[in-house]
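**Student:** Chains as they are written, first to last, in the numbering used here: chain A, 1 to 910; chain B, 911 to 1088.
Derived from the structure by calculation, the hints contain no laboratory data.
There could be a bad hint or two in this list.
Said to hold, decoys possible - Straight line, CA to CA, 30 Å or less: simulated DSSO-like cross-link-like pairs of lysine-lysine: (1) B:Lys-1044 / A:Lys-11; (2) B:Lys-1084 / A:Lys-11; (3) B:Lys-1086 / A:Lys-11; (4) A:Lys-777 / A:Lys-871; (5) B:Lys-1084 / B:Lys-1067; (6) B:Lys-1084 / B:Lys-1044; (7) A:Lys-11 / B:Lys-1067.
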Amino acid sequence: MSAERFQAAMKVFQEVCDLRGDARDAALERACGSDAELRAEVEALLQQDGGQTQALRVDAMIDAPQRLAAEIADDSGSDIPTDPTLPKQIGQYRILRRIGEGGMGMVYEARQQSPRRTVAIKVLRPSGNWSSLQKRFEHEAYILGRLQHPGIAQIYEAGRENTASGDRLYLVMELVRGRDVMRYCETQSLSVRQRIELFIRICDAVQHAHQKAVIHRDLKPANILVASDESALRTMGGSSAPTRIIAPGQPKILDFGVARLTDSDLQVTTVQTGVGQLIGTLPYMSPEQVVGDPAEVDTRADVYSLGVILHELLTGQLPHDLRNRSMLEAARIIREETPARLSTVNRALRGDLDTIVGKALEKEKQRRYQSAAELASDLRSYLDGAPIAARRDSRWYVVQKTLRRYQLVAGLAAGLLVLAIGSAIAMGVLYQRANAAAQAAKLEAKRAGEAEAYAKQQMKRAEGVSSFMQHVLHSADARAMGRDAKIIDALNYATGKIDELLGKEPESKAAALFALSQTYADFGEYERAAGYVKEALRLQRELQPGVTDRTANVLLNMTPILSNAGQRQLAIEASEEGLRMARELTPPNREYEAWALSNLGALYADSPETIDRGEEYLRKSLEMRETISNDDSRLSAATAANTLASLLYRKRKYEEAEAYALRSVELFEAFGRDQFHPIYPVALNSVGTLRAELGKFDAARPYLEKSLKVLDEKYGREHPQTMNALVGLAQFERVHGDPNRAEVLYREALQYRERVGPPNHPQLSQVKTGLGATLLKLKRFQDAEPLLREAYEVRMASAPREFTTSLTKMQYGLCLYHLGRRDDALPILQSGVEQARAAERHNTFLGHEAADALIELMEQRGEKDYAAELKAHMRSLPPIPGTNAVSVPAASAPASASAPASAPILEKAP
Amino acid sequence: MLLHAMRDGDSSAAGRLLPLVYAELRALASRRLRDQRVGHTLQPTALVHEAFLKLVHQPDGAWNDRAHFFAVAASAMRSILADHARRRAAAKRGGGSERIGLDEAAVGTSTEYDVLQIDELLQQLAQVDPMKHKIVEMRFFAGMTLEEIADVLSVSKTTIESEWRATRAWLAVKLKDA
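Produce the complete structure using the sequences and hints provided.
**Tutor:** Encoded structure:
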């Protein structure tokens, strides 16, 4: 095969492979001319292009090395000569059978004559560096000899024997029959309490070893056996033997083979295990073990492993799912990712247990339990119902961790994340440019030096932003600012230094200002955010005049900030300019275009005069995004679909709105479970709300429930959004569903609101009204009265003129009416009905019920004219339209979570 | 820097490091995986990554670039797998007394022969087009994605995709002929 022929065929193939039919033929004709052989070669290649049999065989090759490698692993035992037959005798021990293979060699079950007992013998495999193995072996024997605890497999003897094939080393130890601790718990179906009790015994054993300065370093369920009842009886040999009874349920830790001494033997061990060598089984390894630095590994590494084991014992799952991960990825996860909380696996485990496991699994050993005894002690407190020493992470610490990892974790204050993401984007851009510069350097050799200098400068700028951000974080030291330190204080402090730190680096400064504006926006400080983003834009225009990608990006990102700062016109202008730039860029940036369109759509949708234009823009944006097939775009399409649903909802086009909300949900769900987007639960709620609006109650409920469930999982039960969804569902059940269920939901919300909010918070009175109305419906008037009275008083004091207050008045008035307190009921009912009537929102079930009661009371009092007028008016009303007077978000009490989101959803990043 | 030396085509730079990686991978394959429990299957990617983890701690700091390492590791993996397949094939031809059914035989050996064939084809490819050769090596034997390969070879992803598509077709033709 000549290189020229090969290259030629390849080149032609690459030219024509994307063409079809005649165009391909023509191109082939042109490229090959009279060279029939070349043409035949290319055609053979084309035939194999894309998914045909032989090509599939090539693709299968990607897996082939995997299978082969697995075979190597199976084979490799045969590289080392081993004695295939069982030795009859080792020392004074008669070999009964082989039990298994340990890391160091074979393990046999053997019979000892005196004392008469059955033991386990570990025999060193005769291979490798004999003298180093021998040293290590003796070392292990020495360590184990120092450990005497019912929870640790006891060592009896270390021996050496001459055989024909050379020296043989062996270790005689207690034979433990049992199951590994995980399987034991499963087969015995132990309760949570029993599992914890068992685990505490494991901790006690580990503590014993730690006190003898021995670290296990490879704690895992496979190394912890528990004798079940029947095997305990068989543990020892003949009846005359000095028996060592293993209590059933006593865990035994095996294999201190890789342990090292924490004190003077450090040097020996370093040689023995090798710097950087990974020991142990990955999922149970502490972050410091994963890094592979033996100097960092101490007894607290075992505490971490214990944490993993406890997590697994309680949930049946590992804290980190490392299946199908490469070693590198697994190591990164262990070092960086926050483990799954117990409560996300099993809600029954939330609270103290969650906290205890969380503390054992801290990444930084200083934050862990400092000993196995401390861990055991907290578990004992837990079992006794006493307060535990570990307290939940302070909010600040969670924030700090998040920032350090620069990762998006749902459920944390979004503002902080934007700070992180913003600077990450800024740095990303700068690094990208540095890279591009390096490429340029390669292409233009003579300018290489110059370009490299430029690249370095770019790197420096990226580092500038990074160090500025670090400064922000550093200045926000929790200890210095107290436990309730707010990141915003830190930001305020640090931003004062922006000129001092970055004054001479305009590019870094622009990037930092941009990141800051995003952060302030997320704290709701839109005016400050607007100031910073305008400054960032000004600098950006100076640095890169004209139409640039980066300028368009800033323009589009500033839109939501300006809009929230009340500068709607400027927001529109920014997005219009961003839209123009997106179209003028070469090549035009379709993602930016779609982004600008959806921003503009949301802005225009906000005003009745421009709502049609908004609809048009949103439709166009959605259409564009559905054709751009990357993840960001599909996510944006999902968001845009929800925005459009919300717009159509406002235009009362419920059917179409429902279709878009459903589309939004579908798009989000196409990303799978791992990809959480904050709008996803909103879209679910939209579907539910719209269906309720359309009278499809049974079809609505699953969506409202799912929305609540997703929020619960991602943000936790007590997150305000979760609570809003809970109240929304309660309201739905009250009006359209099961009032008994509504009561349960309301009571949970009430408990929460009473705990966290100020006593007069409108959301609290909203819940009380809801619960009161539910009880009213259940005809439990006595129970309803105090709730409705309180809500009534709060509303009257805070917002007597608001429409929603009329609802409270009517509920309370009805309650009094049913309790027979007619004189009290009348003025309140009258005020409520009149207020609702003035707002022209009285044609509802509640309105009619209140009016009927009022008419009756007025008639009794002799106010015939009033009663007659009201009666005639109520009868003249059209049928109650749908049900919307109750389920429309605006008509419910304020701040209900009910979606579709009434505010335009502007996107922050493409 | 070695990485730059390698990017600029200094094959001896890779050559100097190859034995180190080879030894490590070989040792890993034979040592670590023997007592792996169920569900913990061996993947070349995992092997290579583990080797990487260990070798980055080398005191001489030779591994300052992840991409560089993977390029060398891919080569080493290929040698290991091909050697292994060759030995296995020879052992089977050498006539063990065990007889296996036709179907089993076909299933059991096709991988090995494919590896050997690919190895041969790769040698041909190395002569006529070193870049395509490298792409295949990294794709098959270090489990790298096209993006990662583009990164190592400092070319755009589109180029790699186009090269890979052509090479893939060529390999398919050759496998069919064989």
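**Student:** Next, verify each hint and record whether it holds.
**Tutor:** Now for the hints, and whether the structure bears them out:
no. : hint                    : in the structure
1   : B:Lys-1044 / A:Lys-11   : holds (18 Å)
2   : B:Lys-1084 / A:Lys-11   : holds (18 Å)
3   : B:Lys-1086 / A:Lys-11   : holds (21 Å)
4   : A:Lys-777 / A:Lys-871   : holds (23 Å)
5   : B:Lys-1084 / B:Lys-1067 : holds (25 Å)
6   : B:Lys-1084 / B:Lys-1044 : holds (18 Å)
7   : A:Lys-11 / B:Lys-1067   : holds (17 Å)
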